[in-house]
Amino acid sequence: MSLLIDPAIAARVDRVELPFNRFGVDPYGVSKKHVAQFMTLLHYLYHHYFTVGLVGIEHVPARGRGMLVGNHSGGVAVDGAMVLASCFFDRDPPRLGQAMAEKFIARFPFASLWSNRTGQFTGLPEQAAHLLDDERLLVVFPEGARGTAKLYSDRNSLVHFGSGFVRLAMKTQTPIIPFGFVGGGEAVPTIANAYGLGKLLGVPYVPITPWLAPVPLPVRVELTYGEPMMFSGTGNEEDEVINGYVDQVKQRIGELMKEGQRRKSGEALARPRGTEEWA
Amino acid sequence: MRILVTGVTGRLGQLVARRLLESGHELIGIDRRPWDDAPAGIEMHSVDLRKRAAEDVFRKSHPQVVVHMATVTHLIERSEERYRINLGGTRVVFENARACGAEHVIFVGRHTYYGAAADSPLYHKEEEPPMAMTAFPELADLVAADLYACTALWRYPELCTTVLRMVYTLGPTGQGTLATFIRGPHVPTVLGFDPLFHFMHEEDVAAAICLSIERRIRGVYNVSGPQPVPLSVLIRATGRTQVPLPELLFRAALGRFGLPRLPPGALTHIKFPIVVDSAAFRAATGFQHQIDEAGAMGEYRDAFPAL
Chain Y
1 MSLLIDPAIA ARVDRVELPF NRFGVDPYGV SKKHVAQFMT LLHYLYHHYF
51 TVGLVGIEHV PARGRGMLVG NHSGGVAVDG AMVLASCFFD RDPPRLGQAM
101 AEKFIARFPF ASLWSNRTGQ FTGLPEQAAH LLDDERLLVV FPEGARGTAK
151 LYSDRNSLVH FGSGFVRLAM KTQTPIIPFG FVGGGEAVPT IANAYGLGKL
201 LGVPYVPITP WLAPVPLPVR VELTYGEPMM FSGTGNEEDE VINGYVDQVK
251 QRIGELMKEG QRRKSGEALA RPRGTEEWA
Chain C
1 MRILVTGVTG RLGQLVARRL LESGHELIGI DRRPWDDAPA GIEMHSVDLR
51 KRAAEDVFRK SHPQVVVHMA TVTHLIERSE ERYRINLGGT RVVFENARAC
101 GAEHVIFVGR HTYYGAAADS PLYHKEEEPP MAMTAFPELA DLVAADLYAC
151 TALWRYPELC TTVLRMVYTL GPTGQGTLAT FIRGPHVPTV LGFDPLFHFM
201 HEEDVAAAIC LSIERRIRGV YNVSGPQPVP LSVLIRATGR TQVPLPELLF
251 RAALGRFGLP RLPPGALTHI KFPIVVDSAA FRAATGFQHQ IDEAGAMGEY
301 RDAFPAL
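Chains as they are written, first to last, in the UniProt record's numbering: chain Y, 1 to 279; chain C, 1 to 307.
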């Protein structure tokens, strides 16, 4: 076993209910070895570096298709990483969340390899539908790159939501599990986004922090899951109908973010992280 | 049934022919290349598919089923010649099949039709358009042949047309694009990329083609067997050594130091995956592969050990 893999985490990867073949690779190319390395890194961030308050993880389905839908809280993908970590470390059996990634990632060496081997694919509708048909757990940020580009002052706001996720959830009869994430903006307080530099590097933008590089601070973050939401229909409904559902989800996410903010400011105490198993 | 197979001398053609003979069919083979130890039951014609003599074979033998396998997939042939063989050949097959009153034509195409790109999804479905040409113009003739075959579905409604898009073939005969690419002891890869490769054992490929004859399925079908595996796993399981090269070096090194020669467009196929969804084919034929990915790689390794 590789040096970069915690044996306890490798054992946990063995319990993830995905159809791995004898090479430890599933039909989408998700590799046990890569997931274990990735989760070893997330374990450090989730249990030691950040202080993570978590509420409502029981709403993440133990088996079967599901779509975790939430907000971007600014900066780099701290929010996505903590969501994946919560599904892996605090759900039993552990689940692998599969986030729908930005298109530019697949073009880069290593980023392409790692995102594919850990199941984080480019966010294409065909890809998402196929994963849901195979009873996978998707992680969707309907704000897209607009959401990660939030500046510090906008960290707890919600920008425009795409509507594709609701149509897809209806078409595939998938429960939407809303979540609110708070604290990413404090971890990576973005004062500006360098779009020109991003273009030069082939990425949408580069976040600029007071210390220039987008290295996150070890802050307290709050992740709150809400009850699953089901919308019945075919997914081919008129825009007005769909937008009504999108607004319901957006509103619920806003409430869950408020809950997280309240906890963060000390009004309520979340379950402490770093429990005996993973300390 | 009387079945005519074009490109029968190819390794895959031979496997299909032997299977069809075993099931008691009458077999007519067309190929420019001779088949010296062809089984006794097969009526061989060493003619060029695009010439008059081939037309006579169709007319005289009156096949009920035509299996078109005479396409060039290796990239050594110059592209104008490939275009003539792949597109021109496909055209005459359909024209001759129709003229001689055949009931069923099967075009054996490739899954590379879909093309590889950073933003293409895994598990392509049949309705997706071909994206191969922009990144890999050398494949344009195969895409054109595939699309031409598809037009027979509406142009000749009385003819049962089957277009199969097969994944890569791997097995002990070592034929096919993928098998050739990993033939040497060192297989170059692009540093930082490790795409999935979708392949199936050659016997399963032959079985799938025969099954589409038996079931007389009409339409376009992706054909695959076991799940795809990452290129790194493929290289390791076939006993080869992976040589990851930065992209700039990769182009310069191809064809040298015992590394395989590839056209520039092939690079996208070594960086990004092409994986197909074959649920429709399985539902229509009941096809189930006999040899899994480990078995196919193992047989290839045993037949072609890395030196």
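Just so you know, not all the hints are guaranteed correct.
[Said to hold, decoys possible] Calculated from the model, a selection of chain C residues having no Cβ within reach of chain Y, i.e. all distances over 12 Å:
#, residue
1, V57
2, R91
3, C100
4, A117
5, H124
6, L153
7, P230
8, S232
9, R236
10, G255
11, L262
12, G265
13, Q290
14, A303
[What the hints assert, rightly or not] Quick list of the computed label-pair ranges, beta carbon to beta carbon:
#, chain 1, residue 1, chain 2, residue 2, range
15, Y, N236, C, P305, 18 to 26 Å
16, C, T151, Y, I191, 38 to 46 Å
17, Y, D133, C, A252, 53 to 61 Å
18, Y, P7, C, R236, 52 to 60 Å
19, Y, A145, C, K51, 24 to 32 Å
20, Y, F110, C, T134, 46 to 54 Å
21, Y, H160, C, T151, 37 to 45 Å
I should point out that these hints are in silico values taken from the structure, not numbers from a laboratory.
Ideal Cβ positions, reconstructed from N, Cα and C, are used throughout, including at glycine.
The hints, checked one at a time:
1. V57: holds, 43 Å
2. R91: Nearest chain Y Cβ is 32 Å from R91 (chain C), so the label holds.
3. C100: holds, 40 Å
4. A117: violated, 9 Å
5. H124: Since the minimum Cβ distance to chain Y is about 8 Å, H124 (chain C) lies within 12 Å and the statement is violated.
6. L153: Nearest chain Y Cβ is 23 Å from L153 (chain C), so the label holds.
7. P230: Non-interface label on P230 (chain C) violated, nearest chain Y Cβ at 6 Å vs cutoff 12 Å.
8. S232: Answer for S232 (chain C): violated, closest chain Y Cβ roughly 9 Å.
9. R236: R236 (chain C) not clear of chain Y: closest Cβ-Cβ about 9 Å, inside 12 Å.
10. G255: Answer for G255 (chain C): holds, closest chain Y Cβ roughly 22 Å.
11. L262: holds, 18 Å
12. G265: Answer for G265 (chain C): holds, closest chain Y Cβ roughly 17 Å.
13. Q290: holds, 16 Å
14. A303: Label holds. Min Cβ-Cβ 20 Å, cutoff 12 Å.
15. Y:N236 - C:P305: 18 to 26 Å: violated, 55 Å
16. C:T151 - Y:I191: 38 to 46 Å: Violated, at about 58 Å.
17. Y:D133 - C:A252: 53 to 61 Å: violated, 43 Å
18. Y:P7 - C:R236: 52 to 60 Å: With Cβ atoms ~23 Å apart, the hint is violated.
19. Y:A145 - C:K51: 24 to 32 Å: The hinted range 24 to 32 Å is violated for A145 (chain Y) and K51 (chain C), with Cβ atoms some 57 Å apart.
20. Y:F110 - C:T134: 46 to 54 Å: violated, 24 Å
21. Y:H160 - C:T151: 37 to 45 Å: About 43 Å separates the Cβ atoms of H160 (chain Y) and T151 (chain C), which means 37 to 45 Å holds.
In the structure shown, a violation is registered for the earlier hints numbered 4, 5, 7, 8, 9, 15, 16, 17, 18, 19, 20, in ascending order.
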